[in-house]
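Colleague: Chains V and W are the protein sequences, given in the same order. Residue numbers for the first sequence follow the working numbering, beginning at 52 and rising by one. Residue numbers for the second sequence follow the working numbering, beginning at 6 and rising by one.
None of these hints come from the bench; they were simulated from the model. Any given hint might turn out to be false.
[Said to hold, decoys possible] Calculated cross-link-like contacts (lysine-lysine; reagent style DSBU-like; alpha-carbon spacing at most 35 angstroms): (1) 326(V) with 282(V); (2) 189(V) with 280(V); (3) 144(W) with 114(V); (4) 87(V) with 232(V); (5) 268(W) with 60(V); (6) 271(V) with 242(V); (7) 231(V) with 268(W); (8) 266(W) with 133(V); (9) 205(W) with 88(V); (10) 231(V) with 282(V); (11) 231(V) with 87(V); (12) 77(V) with 205(W); (13) 169(V) with 232(W); (14) 214(V) with 144(W); (15) 277(V) with 189(V); (16) 266(W) with 363(V); (17) 88(V) with 144(W); (18) 205(W) with 70(V); (19) 114(V) with 232(W); (20) 268(W) with 77(V); (21) 133(V) with 268(W); (22) 232(V) with 268(W); (23) 205(W) with 189(V).
[Unchecked claim] Stretches of chain V that chain W covers, calculated by requiring three or more beta carbons in the stretch to come under 8 angstroms of a beta carbon on chain W: (24) 97 to 106; (25) 111 to 124; (26) 267 to 279.
It should be emphasised that the depicted structure is a prediction, and the values quoted were computed from it without experimental measurement. Glycine is no exception: its CB is placed at the ideal position from the N, C-alpha and C atoms.
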Amino acid sequence: MVNNPNGQKPPAIKVENLKKYFNDIKAVDDVSFEIKKGEIFGFLGPNGAGKTTTINMLCTLLKPDGGRIIIDGFDAMLEESKVRSALGLVFQESILDTHLSVEENIYLHALLYGLDIKQYRKRLREILKLVELWERRKSLIDNLSGGMRRRAEIARSLIHLPKILFLDEPTVGLDPQTRKKIWDYLFDARKETELTIFLTTQYINEAEDCDRVAIIDNGKIVALDKPEKLKEMMGGDVIYFRSEDNDLAIEEIKKQFPLISVYKFGKYINLETEKGDEFLPQLVKTVTPRILSMELHRPTLEDVFLKLTGRKIREEKENNGD
Amino acid sequence: MFNPIRMRAIYAIWRREVLLYLLDRVRVFTSISTPILVFLIFGTGLKFIIPANLLGYDFAHFFYPGIIAAMVAIMAFDSGMSIVWDREFGFLREILVSPISRTDLALGKLLGATTRCLIQALPMLLIAPFIGLTLSLAKVLVIILTIIVLGWGLAGLGVLISSRMRRVESFNIVIQILIAPMIFLSGAFFPTHDANNWIKTISNFDPLTYGVDGLRYIFLNSSVNAKVLDILTTHNFLTSASFLLIFAILMTFVSILVFRKMK
Ligand SMILES: Nc1ncnc2c1ncn2[C@@H]1O[C@H](COP(=O)(O)OP(=O)(O)O)[C@@H](O)[C@H]1O
Ligand SMILES: [Mg+2]
Numbered sequence: 052m053v054n055n056p057n058g059q060k061p062p063a064i065k066v067e068n069l070k071k072y073f074n075d076i077k078a079v080d081d082v083s084f085e086i087k088k089g090e091i092f093g094f095l096g097p098n099g100a101g102k103t104t105t106i107n108m109l110c111t112l113l114k115p116d117g118g119r120i121i122i123d124g125f126d127a128m129l130e131e132s133k134v135r136s137a138l139g140l141v142f143q144e145s146i147l148d149t150h151l152s153v154e155e156n157i158y159l160h161a162l163l164y165g166l167d168i169k170q171y172r173k174r175l176r177e178i179l180k181l182v183e184l185w186e187r188r189k190s191l192i193d194n195l196s197g198g199m200r201r202r203a204e205i206a207r208s209l210i211h212l213p214k215i216l217f218l219d220e221p222t223v224g225l226d227p228q229t230r231k232k233i234w235d236y237l238f239d240a241r242k243e244t245e246l247t248i249f250l251t252t253q254y255i256n257e258a259e260d261c262d263r264v265a266i267i268d269n270g271k272i273v274a275l276d277k278p279e280k281l282k283e284m285m286g287g288d289v290i291y292f293r294s295e296d297n298d299l300a301i302e303e304i305k306k307q308f309p310l311i312s313v314y315k316f317g318k319y320i321n322l323e324t325e326k327g328d329e330f331l332p333q334l335v336k337t338v339t340p341r342i343l344s345m346e347l348h349r350p351t352l353e354d355v356f357l358k359l360t361g362r363k364i365r366e367e368k369e370n371n372g373d
Numbered sequence: 006m007f008n009p010i011r012m013r014a015i016y017a018i019w020r021r022e023v024l025l026y027l028l029d030r031v032r033v034f035t036s037i038s039t040p041i042l043v044f045l046i047f048g049t050g051l052k053f054i055i056p057a058n059l060l061g062y063d064f065a066h067f068f069y070p071g072i073i074a075a076m077v078a079i080m081a082f083d084s085g086m087s088i089v090w091d092r093e094f095g096f097l098r099e100i101l102v103s104p105i106s107r108t109d110l111a112l113g114k115l116l117g118a119t120t121r122c123l124i125q126a127l128p129m130l131l132i133a134p135f136i137g138l139t140l141s142l143a144k145v146l147v148i149i150l151t152i153i154v155l156g157w158g159l160a161g162l163g164v165l166i167s168s169r170m171r172r173v174e175s176f177n178i179v180i181q182i183l184i185a186p187m188i189f190l191s192g193a194f195f196p197t198h199d200a201n202n203w204i205k206t207i208s209n210f211d212p213l214t215y216g217v218d219g220l221r222y223i224f225l226n227s228s229v230n231a232k233v234l235d236i237l238t239t240h241n242f243l244t245s246a247s248f249l250l251i252f253a254i255l256m257t258f259v260s261i262l263v264f265r266k267m268k
C-alpha cells in the first residue's frame, strides 16, 4: 500500500507524469490526473490521441516510459497482481470467445479471477439481468448482435466485482438506443457498488454524462474538469457560420465587436458570445458578404475541443458537413 | 500449489483449451478418424505388399505406434502454438490482465494441450487387439503416461515457437515446415536403423524419436521377440522415457519463461 499523507480516503486512480513513446511518437506525453472513488471519469479525444495507450498502462498491459500509476492504493508497476484483481476491463475490440456461449465466457472469466461456484452463480444472475441478457445466456457469442456482445462483455468485466472498471470506447459502432442502454447499465452498476468508471470516448454526449472529463489530444491533457465547467470556458453561446468571404466577415466583426471571440475553422467562422439569440440579428447586419449558412447553439464539449485544439474530434463529421 | 484460487485459474485455462477443441465437431471427428484411416490403408495395405517374412516383422506393428506418436506430436504442436490465435483474437489480453500468474497460465495451457492429445489418441488403442497386440491395464497406463509426457513437452516447444511468431498467416507454414521433418526423422513411418549416419545423428536431437521408440517398446515388447524389437527401435525404453521426462520438464520452464515475458 502506498501511504496517503493526508490520511484521507485514497483516490481510486492517481497518475503522475505518465509517459509512453513509440519511437518518435509521443503517444502519452506527461499526463497527470486523479480519479476519486465512485467517479465516472471520461477521456475524450480523437483517434490516435493516446486513450488506448493510457488504458493499457493503467491496466498493467504496457510498461510506461516514465511516471507513476497508483491504482486502489497499489503501485501498478510494483504490485501488478493486486492491481489486476481490482480491475474490470472492456477493450476497444471485442475479445469474447465467439464459439462459446455468453455463460461460458463469463464462467471462464470468473474462474480466472478466483470466484467460487456459489459466488459465480449468484453474480451471474444479477449481472445478466442488469444487462438484459439472462434469457440469452446459452446463446453463442457468434449469434449475438454487436450491442449484445458489448453488453455481454460489460457483464463479464463486472462478474468479479471490480473496484475500477475501464472501458475503451465501449459504445463505438453501436446505435444511439443501445448506447443509451449501456450507459443506463453503467449507472446502475455504479449505484450498486462504489464502482469507479474510467472510460474513453469520441462521443461528445457520452463525455457530457461523465462526472469529470479530461480532453486529450496528441498525448496531452489539454483540459480537465466537470463538463459544465469546461463548457463555461466558452463565452456563452456558439455561433457557427459560413459566408462568401470569411476573411472580410471576420475583419468586419472584429471592428464592430472588439470584445467577441471569433476565429476561423476550415470553411466556417466560429464565434462565442453571450445571449447568442439577441446577437444574431446584429451579426447579420454587420457582415456584408453573403451568408451561406448559420447555426446557433449552447456550447458543447465539441466546441471546447475545437477551441483548444483547432480541430474537430471526429473528422468524418466535418466531411458530412459539405 | 493447491490454493483454490490458483486451481480455479488453471482450470479455466485448461477448460477453455479442451472446450474449444471439443466444440469443433468436425475437427474432433477428422483428428480422430484420419490417423485410423491412414493406418488402415498404409499399415494393413503395405502388409500385403511387403510380407512379414521378407521384412522380418509385421509392418503394421511397426507403423501403429509410429502413427500414434505422430498424431500426438501434431496435436501437441498445434495446441501449444494456438497462443498465436489467442493473441490475434484478443483472448491473450483477457488472460494477461487477469490476476492469474504466468506460471499457472503455462501449466493450464500445457495441461489443455495434453488432454487434447489424449482425447485424440485413446480411440486408436481400440485397434491394437485387431493387429495382434495385447494390452494389459498396466500397459495402457504406461501408454497414457508416455503420451502425456510426450504431448506436454512438444506443446511446450509449440509455445516457444509461437512466441517468436507475430503473424497468424505463418502459422500453417511453420507447423508444416517443422512437423514434417520431425516426423520423418523420428522413424515413425520409415525405419531409421538403416539410414545413414547423419540422419541418425539428427534424429537423436528429435524429441519425437524418443516418443516413437518409447511407444513402440511398450506396445510391442510382449508381442514380438527381442531381436525384432531391437531392429524397430533406436533407443531402449529407459533412455526414451528419461529423455521425454527431461524434455518435458525443460519445456515447462521454457513455457513459463515465454509467458512471463509476454506482453
Ligand atoms: N504499439 C504501438 N506501436 C507504435 N505506435 C503506437 C502503438 N500503439 C499506439 N501507437 C501510436 O500512439 C498514438 C496513440 O494511439 P492510441 O493510444 O491507440 O490512441 P487512441 O486510443 O486515442 O485512438 C497513435 O499515434 C498510435 O499510432
Ligand atoms: Mg483507442
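Colleague: Work down the list of hints and note, for each, if the structure agrees.
Modeller: Each hint tested on the structure:
1. 326(V) with 282(V): holds (15 angstroms)
2. 189(V) with 280(V): violated (46 angstroms)
3. 144(W) with 114(V): violated (51 angstroms)
4. 87(V) with 232(V): Roughly 25 angstroms between the alpha carbons, so the hint for residue 87(V) and residue 232(V) holds.
5. 268(W) with 60(V): holds (32 angstroms)
6. 271(V) with 242(V): The hint holds at about 31 angstroms.
7. 231(V) with 268(W): Within the cut-off at roughly 34 angstroms; holds.
8. 266(W) with 133(V): holds (19 angstroms)
9. 205(W) with 88(V): Given that 35 angstroms is the threshold and the Cα spacing comes to 67 angstroms, the pair is violated.
10. 231(V) with 282(V): Answer holds: residue 231(V) to residue 282(V) is near 22 angstroms, not above 35 angstroms.
11. 231(V) with 87(V): Holds - the C-alpha atoms of residue 87(V) and residue 231(V) are around 24 angstroms apart, at most 35 angstroms.
12. 77(V) with 205(W): Violated, at about 55 angstroms.
13. 169(V) with 232(W): With Cα atoms ~60 angstroms apart, residue 169(V) and residue 232(W) exceed 35 angstroms; violated.
14. 214(V) with 144(W): violated (53 angstroms)
15. 277(V) with 189(V): Judged against 35 angstroms, a Cα distance of about 41 angstroms means the pair is violated.
16. 266(W) with 363(V): violated (40 angstroms)
17. 88(V) with 144(W): Outside the cut-off at roughly 61 angstroms; violated.
18. 205(W) with 70(V): Distance ~55 angstroms between residue 205(W) and residue 70(V) Cα, so the pair is violated.
19. 114(V) with 232(W): violated (61 angstroms)
20. 268(W) with 77(V): holds (20 angstroms)
21. 133(V) with 268(W): holds (18 angstroms)
22. 232(V) with 268(W): holds (34 angstroms)
23. 205(W) with 189(V): violated (54 angstroms)
24. 97 to 106: As far as the segment 97 to 106 of chain V goes, the hint is violated, because 0 residues have Cβ atoms under 8 angstroms from chain W.
25. 111 to 124: holds (count 4)
26. 267 to 279: Coverage by chain W is violated for the segment 267 to 279 of chain V (0 residues, Cβ < 8 angstroms).
The structure shown violates the earlier hints numbered 2, 3, 9, 12, 13, 14, 15, 16, 17, 18, 19, 23, 24, 26.
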